[in-house]
Amino acid sequence: MRFKRTKAAFAAAGLALTLAACGGDGGGSTDVKVADNPEFDSGTTMAKLSDAGKITIGVKFDQPGIGFLAPGADAPEGFDVEMGRIIAAQLGIDDSNIEWKETVSDNREPYIKDGTVDLVLASYSITDERRQVVGQAGPYYVTGQQLLVREEDKDSITTPEDAKGKKVCSVTGSTSLQRMVDEYGADPVPFATYSECVDQLENGTVDAVTTDGAILLGYAAEDPDKLEVVGEPFSEEKYGIGFKKGDEAMCTFLQDAIKKSFDDGTWAKAFESTLGESGVETPEPPTVDSTC
Amino acid sequence: MDTLIDNLDQILRGFSNTLWLLLFSGIFSTILGTLLASFRVSPVASLQAIGTWYVNTFRNTPLVLILALAIYVIPVLGFNSLGFSIGFRQFDTFFIVATLGLSSYTAAFVCEAVRSGVNSVPAGQAEAARSVGMSFTQSLRLVVLPQAFRTVIPPLASTYIALAKNTSVVAIFGVPEAAYVMRKLSNQYSSDLWAIFLGIALGYILIVAVISTAATFLERRLAVAR
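For the protein sequence lines, the chains are A and B, in the order given.
Letter 77 of the first sequence, counting from 1, is numbered 77 in UniProt numbering, and no numbers are missing.
Letter 124 of the second sequence, counting from 1, is numbered 124 in UniProt numbering, and no numbers are missing.
None of these hints come from the bench; they were simulated from the model.
These numbers come from a predicted model, not from an experiment.
The beta-carbon is built from N, C-alpha and C at its ideal position, and this holds for glycine as well.
It is possible that part of the hints are untrue.
In silico EDC-like links for lysine to aspartate or glutamate, alpha-carbon gap of 20 Å or less [to be verified]:
id	chain 1	residue 1	chain 2	residue 2
1	A	Lys164	B	Glu112
2	A	Lys54	A	Glu99
3	A	Lys167	B	Glu219
Here are some of the chain A residues that sit facing chain B, going by a computed Cβ distance under 8 Å [unchecked claim]:
id	residue
4	Ser125
5	Glu129
6	Pro190
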């Protein structure tokens with residue numbers, strides 16, 4: 001009897017944990033309607049993907065709000081992930097047939113070129129330099145570089161100019177860190193991930209953390225008493241969808257798909273359920289470029 | 001190729017950090033490693049135990065773990081604004097912590113290289129030193145270690161070459177050195193990946209070539225004829 005009761009207690013605890021896990025991811029998934037047998041010209045990449053019923057999308061796994069794989073979770077969540085689902089749905093592919101592949105900044109281009117992934121949505125800023133190597137459709141979101149500082153410094157560091165000679169942390173290799181060095185004379189402190197930068201900010205070893213405002217808001221929201229995002233964005237990062245260079249049909253499809261998500265409200269819903277959770281208002285959708 | 005030329009100043013700045021790390025870590029790890037080697041060959045059991053423990057711990061722990069531990073523990077202990085300067089060159093907390101991490105790791109390898117040199121010195125040398133009245137420290141310092149160092153130039157050179165390449169790990173622990181510059185350029189100029197990789201690799205190859213040439217030269221000059 002005793003034994004049975006213990007077992008029951010365990011079962012109950014297990015059930016409670018499972019339920020807690022279900023409640024935990026709070027919204028997240030936007031309701032997207034998967035297209036029934038969408039029509040594509042034969043021979044195009046879209047037709048191939050649609051016929052196969054499978055797609056591999058490269059996203060970040062370490063950026064809360066944008067692309068983040070929680071410990072123990074099966075699938076990543078975030079704004080990029082939602083956009084990926086919206087695009088896949090227009091190809092007639094549902095959630096269970098999307099393979100999420102982790103792409104770090106360094107392997108986005110190689111993964112697209114060698115076909116490891118079909119698309120990349122990984123806080124992937126559109127630049128002329130990148131468009132020489134891959135196709136980039138969009139933008140589907142425009143953000144800008146900002147600074148995250150400790151609460152007590154929020155009045156002394158407000159603009160990037162205030163960071164002159166100060167230690168500024170960002171991810172090894174990022175353009176944001178380079179901009180702080182080249183244009184504002186800050187001392188660069190590279191780390192592997194943004195969370196490590198935030199740790200260094202909290203223990204006082206660096207004075208600021210810099211990257212796209214969207215990413216910083218996520219961290220500030222986790223610890224609002226200690227951390228503050230200051231000032232206006234001082235760069236323009238246009239997030240685009242990466243695909244194989246020269247695939248004109250894919251370019252047109254992605255542009256239309258992004259525009260459609262603006263019009264039918266799925267884009268706004270995707271934003272609200274992810275980045276919007278940190279309290280920022282849903283912005284106006286950006287204007288999609290006419291070329292890729 | 002243009003990417004390399006246009007960003008030469010950044011690349012050189014990165015490599016200057018790499019070289020400073022190599023210099024400081026090389027000096028500290030040699031001092032600490034030699035000290036540990038003399039512990040390990042000393043007649044005092046507790047010193048032997050300390051030396052053995054150190055080598056086993058640091059040699060068996062991945063460098064990344066040692067650095068990660070140092071970078072989290074040292075600032076939390078309150079040392080978050082360390083720094084010194086040589087001329088107009090400033091060195092910050094991250095540089096110091098990285099140097100400590102690299103030195104403590106490399107010291108274990110230096111220790112074992114030096115110890116193998118000590119073992120190669122014929123026992124008669126130490127006995128002769130003792131018979132003329134030298135203490136253990138004296139015989140080690142004046143008779144055994146000088147001969148030991150001359151025999152271990154090749155393994156020591158390998159240790160320093162490994163150290164030169166290991167400095168690249170600190171690119172993710174707050175020090176903007178050569179590997180950091182490589183990752184930054186490769187992110188910024190995705191169309192020029194090969195040139196960037198090869199350019200940075202060439203820099204490391206040059207550093208390693210200098211170390212190994214110096215070692216070959218010294219080995220030829222100082223080899224002990226037995």
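Tested hints:
Proposed proximity of Lys164 of chain A and Glu112 of chain B is contradicted: the alpha carbons are some 45 Å apart, above 20 Å. Restraint check: the Cα-Cα separation between Lys54 of chain A and Glu99 of chain A comes to about 8 Å, which is no more than 20 Å; the hinted pair holds. Our distance criterion of 20 Å between C-alpha atoms is broken by Lys167 of chain A and Glu219 of chain B, whose separation comes to about 44 Å. A distance limit of 8 Å between C-beta atoms decides the matter here; for Ser125 of chain A the minimum to chain B is near 10 Å, and the interface restraint is violated.
With a least beta-carbon distance of about 6 Å to chain B, the hint placing Glu129 of chain A at the interface is held under the 8 Å criterion. At its closest, the beta carbon of Pro190 of chain A sits 5 Å from a beta carbon of chain B; the interface hint therefore holds under the 8 Å criterion.
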